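A.B. asks: Residues per chain are reported as follows:
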Amino acid sequence: MILVRLPSTLRVGASDTLTVNEPVTTVAALIDVLDRRIPGFREQLDDSVFNFAVNDEMLLYHARDRRLADGDTVEIIPTISGG
Amino acid sequence: MVLGAPHALSAPSPRHRYTDRMIRDRVARLVSALPQAPEYATQGATLFVDLERRQVQRGFTPMRVVRALLAGRGANMFYLHRLLDESLHPLHPDVPLIFGSGVLTGIVPSAARGNATSWSPESGVILDSNAGDYFPSFIRMNGIDHLVLYGCAAAWTLLHVHEGQVAFLDAAPYVGLDNIELRERIPQDFGGAWTRDLAMVNITRAGENLVLTSAIMAGPKACYARGGPGAKMGSLKLKAIVVQGQTRDFETAQPYKGYNRTIAQKLLDTSVVKHALKTTGTPFLYKPSRLLGAMGTKNNQETTWTDRLDADHITPYRPGMAGCFRCPVNCRPLNELNQDASDRYGRGDGPEYVTLGKFGPNIGVDRIESVIRLNNICNDLGLDTASTGSAIAWAMELFQRRVITRKETGGLELSWGAADVAERLLFMLSRRQGFGNVLADSTRAVEKGHYPREALNYRMAVKGLMQSDPHDARILKAFALGMAVATRGMDHLRNRVTLEINSRINDDPAFKARLYGGPVSAAPNSYEDKERAVRVCENVYGVGDAVGMCRFTTKLFNSPSLPGLEEFSNQIANVTGLELSAGQLDAIGLNITGVERLINARLGVGRADDTLPDRWFNEAIEVGAYKGEKIDRAEFDGMLTRFYEISNLDPNGVPVPEWRSELEAMLGP
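So the sequence lines, in the order shown, correspond to chains A and B. Sequential numbering of the first sequence, starting at 1269, is according to our numbering. Sequential numbering of the second sequence, starting at 188, is according to our numbering.
Isolated chain A (complex conformation) (with noise of 0.2 Å):
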């Protein structure tokens, strides 16, 4: 089981998380299993706004590429600068 944590602006009806059972090993396979469950989820994630963290780690580069495991929390942050 994947926990996905997102950022107000994504929100899926009324909840800020989603379950994902299916197994997924990459950040790339889950973004498949959402855009399925949610139409269009994976075009409103192909903005460079929206970062990953896997259990609290940022992820800089390489995001998709990132290895998942059971019982991970994955969570969509965006991310920008201020003054």
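Simulated from the structure, these hints should not be mistaken for lab results. Hints may contain errors.
Listed next, the stretches of chain B that the computed footprint assigns to chain A, with coverage defined by at least 3 CB atoms under 8 Å from CB atoms of chain A [claimed, not checked]:
#, region
1, 361-373
2, 702-714
Here are some, though not all, of the chain A residues that point toward chain B, as calculated from beta-carbon distances under 10 Å [as the list claims (entries may be wrong)]:
#, residue
3, T1277
4, S1283
5, T1287
6, D1303
7, I1306
8, F1309
9, L1313
10, D1315
11, V1317
12, L1327
13, I1348
Computed from a predicted structure; not experimentally measured. Don't be surprised by glycine CBs; every beta carbon is placed ideally from N, CA and C.
Since the structure of chain A is already known, use the hints to place chain B on it.
C.D. replies: Frame of chain A, contents of chain B only:
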């Protein structure tokens, strides 16, 4: 550098009258050579305001300068270069304070910005600070692009600008007022309403007291913050500039409103605006930084902090968002801690990410309510939250290490997380009372004899300026290079390659190469080709400041999709009639930093100053996926050398002779 100049901090004696003023000779020579009519459609005048003699002269920035530097920050540097006498000291009244609005300020959506420029009393290098809100636009509505202020007024003065004319008024009734009260008084006394037909820049008691972290306030929160501009304005005995006038359309060279709609739509369609800026504002960045292990904590001794300060926790206290003149984004979060009208600091504007970081993790505070309250106090006291928060964090580390004790602090226990002590220190600092007088000297506390030399080992500053943002750049080498080479000191807003933290871009090497004009390593902690990305950002942001565009909505700072050089080129042509290609604008960006480096060279700045705090070279990050990361001196030096090479700089970091000659010919004698 000149940071150790013995009289660098000396304030002008109130009894000292200057009779033979070199600044007047310089101004006279300059004005005699300036055009007396606009050089292009929408150009406003440059006003030279002698505060001591209460005289005003006018001219217009010459076309050769506009084509090389544009307006705003760019032309400000022309005026500073021509008028600066580096044999004086930053707070000398012959050193001018210059306000400048951009070519597109007040005309184009999200272009509401202007710069304040001088010689920084805090850093000792150039002072160049950018702000929005309404003043930069409203001054243009009065037909004024630049204000060059010099001379110490005989008594506290308020300048009143109306229908393009400047009146010198007695500011005695306003002396001693901080930001909230002054902004309540001015509409009562002058008429008009903020955001409709009234704007102001002003100092607070901190500026009056020459506090080196004092800002020039441009709104309830917006301010020219960095480098001590409040102290500079205070040294001229100028309390405020009040601008009145109806907003109006400009007579442009060609129709421009259609393309304005294109720009506005581009802004609103950009995901970072939709998903973050418009809804929450910049505090969004706190979470990525802390998860990365790059959140400056306890004066950068640590690099991660509590999730209790994540932006989500500000939401219950955010009743809405506000914005600058004609900006469709409205990224400024408002706050309301309570509904007790008697609590002056129960509501306000902000906090932005910088303030959240500087008054949260950097001083060990973990309650969001405390951070918001400290933010509101800083806005009232007119303080640069970056330098003020850093000065307090530096003192707290010195206290932790017993470099200073309660003896030096006047009995105050400078413990990490002591928000109540921090609050007290803010008021003491703004009045230079007790230990507040030490904090008020910011990075110069050692030079002023407040701290022993050992304290410099823990000062998080470059070129005499405290770090602007809370991001610890030991991981992201492009961030580190940017802060090392920034011409105003340790600041991320001059050249930050923010997109280095975006995996979607790092994982698309072809796209990334197109953004930066060549390949840049995907690895955030690599030194490879990072100089290229910093160079491109520095150019684009320099042009952004010269046209008046907000950094948050300029291409590359937050998104690859926001308006950049192409859009600026199109709208400059529409508004002014000047044909400047994107490539020519890129060269203008380089010119602006080139002139800044020429000025800094006159102030003693060289390669040794394009560096980073020792901590980042010597101490590794201890948490997260990048545990063990620090800055390698040899790798950094190589990256700096490559940066100089692609920036047309010699090995000491100043423009190479041929380019220097071109710049100096353009600038004039």
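A.B. asks: Evaluate each hint against the coordinates.
C.D. replies: Hints and how they fare:
no. : hint    : in the structure
1   : 361-373 : violated (count 0)
2   : 702-714 : holds (count 3)
3   : T1277   : holds (4 Å)
4   : S1283   : violated (15 Å)
5   : T1287   : violated (21 Å)
6   : D1303   : violated (16 Å)
7   : I1306   : violated (16 Å)
8   : F1309   : violated (14 Å)
9   : L1313   : holds (8 Å)
10  : D1315   : holds (5 Å)
11  : V1317   : holds (5 Å)
12  : L1327   : holds (5 Å)
13  : I1348   : holds (5 Å)
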